[in-house]
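Participant: Following the working numbering, the numbering of the sequence shown begins with 166 at its first residue and continues without gaps.
Derived by calculation from the structure, the hints in this document are not laboratory data. The C-beta atom is built at its ideal place from N, Cα and C for all residues, glycine as well. There could be a bad hint or two in this list.
When the alpha-carbon atoms are kept at most 25 Å apart in a straight line, the in silico DSS-like pairs for lysine-lysine are as follows [what the hints assert, rightly or not]:
#1 K241 to K208
#2 K335 to K293
#3 K293 to K327
#4 K187 to K208
#5 K231 to K261
#6 K231 to K241
#7 K231 to K187
#8 K187 to K206
#9 K231 to K208
DEER-style ranges, computed between Cβ atoms [said to hold, decoys possible]:
#10 D225 to E185: 20 to 26 Å
#11 S326 to A203: 41 to 47 Å
#12 K189 to S290: 48 to 54 Å
#13 R269 to V169: 18 to 24 Å
#14 L184 to L249: 20 to 26 Å
#15 K335 to S290: 20 to 26 Å
#16 K241 to A280: 36 to 42 Å
#17 D217 to G183: 17 to 23 Å
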Amino acid sequence: MSSVSTMEFYRSLCLGLGLEPKYKKIDMFHDIQQRIAALHKEKRTTPVLILDEAQYLRPDTLNDLKLILNFDMDSKAYAILILLGLPVLGAVLSRKHHEALAQRIVMNYSFQGLARSEAEPYLVSRLKAAGVHEPVFESGAVEAIFAASNGSVRHLNALASKALLLAAQKQTRRISSDLILAVRDDMALA
Numbered sequence: 166m167s168s169v170s171t172m173e174f175y176r177s178l179c180l181g182l183g184l185e186p187k188y189k190k191i192d193m194f195h196d197i198q199q200r201i202a203a204l205h206k207e208k209r210t211t212p213v214l215i216l217d218e219a220q221y222l223r224p225d226t227l228n229d230l231k232l233i234l235n236f237d238m239d240s241k242a243y244a245i246l247i248l249l250g251l252p253v254l255g256a257v258l259s260r261k262h263h264e265a266l267a268q269r270i271v272m273n274y275s276f277q278g279l280a281r282s283e284a285e286p287y288l289v290s291r292l293k294a295a296g297v298h299e300p301v302f303e304s305g306a307v308e309a310i311f312a313a314s315n316g317s318v319r320h321l322n323a324l325a326s327k328a329l330l331l332a333a334q335k336q337t338r339r340i341s342s343d344l345i346l347a348v349r350d351d352m353a354l355a
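Use the sequences and the hints to build the structure in full.
Facilitator: Next up, the structure:
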């Protein structure tokens with residue numbers, strides 16, 4: 166949970182690393198660093214810390230992350246930190262007081278959504294994963310889904326799922342653009 170206090174973050178990180186959380190933050194800090202170093206040196210394991218919705222992390226938590234992952238004057242990478250978040254995360258990390266953390270970012274990826282040419286293959290792949298091998302969406306329906314979702318995979322999935330439910334209720338085997346527009350309008354009202 167990215168909106169927790171720094172102490173709660175430390176406790177959660179301790180538990181994730183199989184450590185007993187301590188009462189003081191400094192004790193947890195040392196335990197976490199020692200565990201990460203021991204995993205790397207003794208077990209040849211690189212822990213991967215994945216923080217979703219990182220745009221909500223408190224500034225003091227982001228600052229402590231930089232400190233926790235600071236080993237041997239940054240000459241060693243004992244752990245991998247993956248920060249996932251909305252585009253505003255980039256703005257958060259570009260603030261002056263997060264400069265040291267931002268400098269440690271080795272790779273930055275920003276997902277822009279699906280291109281129009283990817284929408285139909287994506288829908289077909291999702292249907293195949295569900296065991297459907299026949300065409301379900303008419304080409305106009307794919308256009309309507311893409312236009313309504315603006316390439317957002319989350320919105321595209323929501324529109325497609327609701328369209329499939331509505332088609333099942335109407336006992337229709339093919340989804341038209343009219344059905345997609347009805348779903349889009351219904352979702353806009355909710």
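Participant: For every hint, state whether the structure bears it out.
Facilitator: Each hint tested on the structure:
1. K241 to K208: Cα-Cα ~16 Å, so holds.
2. K335 to K293: Given pair K335, K293 holds - Cα atoms ~22 Å apart, limit 25 Å.
3. K293 to K327: The hint holds at about 17 Å.
4. K187 to K208: At roughly 24 Å apart (the allowed maximum being 25 Å), K208 and K187 satisfy the hint.
5. K231 to K261: Holds, because 14 Å separates the two Cα atoms, which is no more than 25 Å.
6. K231 to K241: holds, 13 Å
7. K231 to K187: holds, 20 Å
8. K187 to K206: holds, 24 Å
9. K231 to K208: Holds - the C-alpha atoms of K208 and K231 are around 23 Å apart, at most 25 Å.
10. D225 to E185: 20 to 26 Å: Distance hint for D225, E185 holds at roughly 23 Å.
11. S326 to A203: 41 to 47 Å: holds, 45 Å
12. K189 to S290: 48 to 54 Å: Since the Cβ atoms of K189 and S290 sit about 50 Å apart, the hinted range of 48 to 54 Å holds.
13. R269 to V169: 18 to 24 Å: At 22 Å between Cβs, range holds.
14. L184 to L249: 20 to 26 Å: holds, 24 Å
15. K335 to S290: 20 to 26 Å: holds, 25 Å
16. K241 to A280: 36 to 42 Å: holds, 40 Å
17. D217 to G183: 17 to 23 Å: holds, 21 Å
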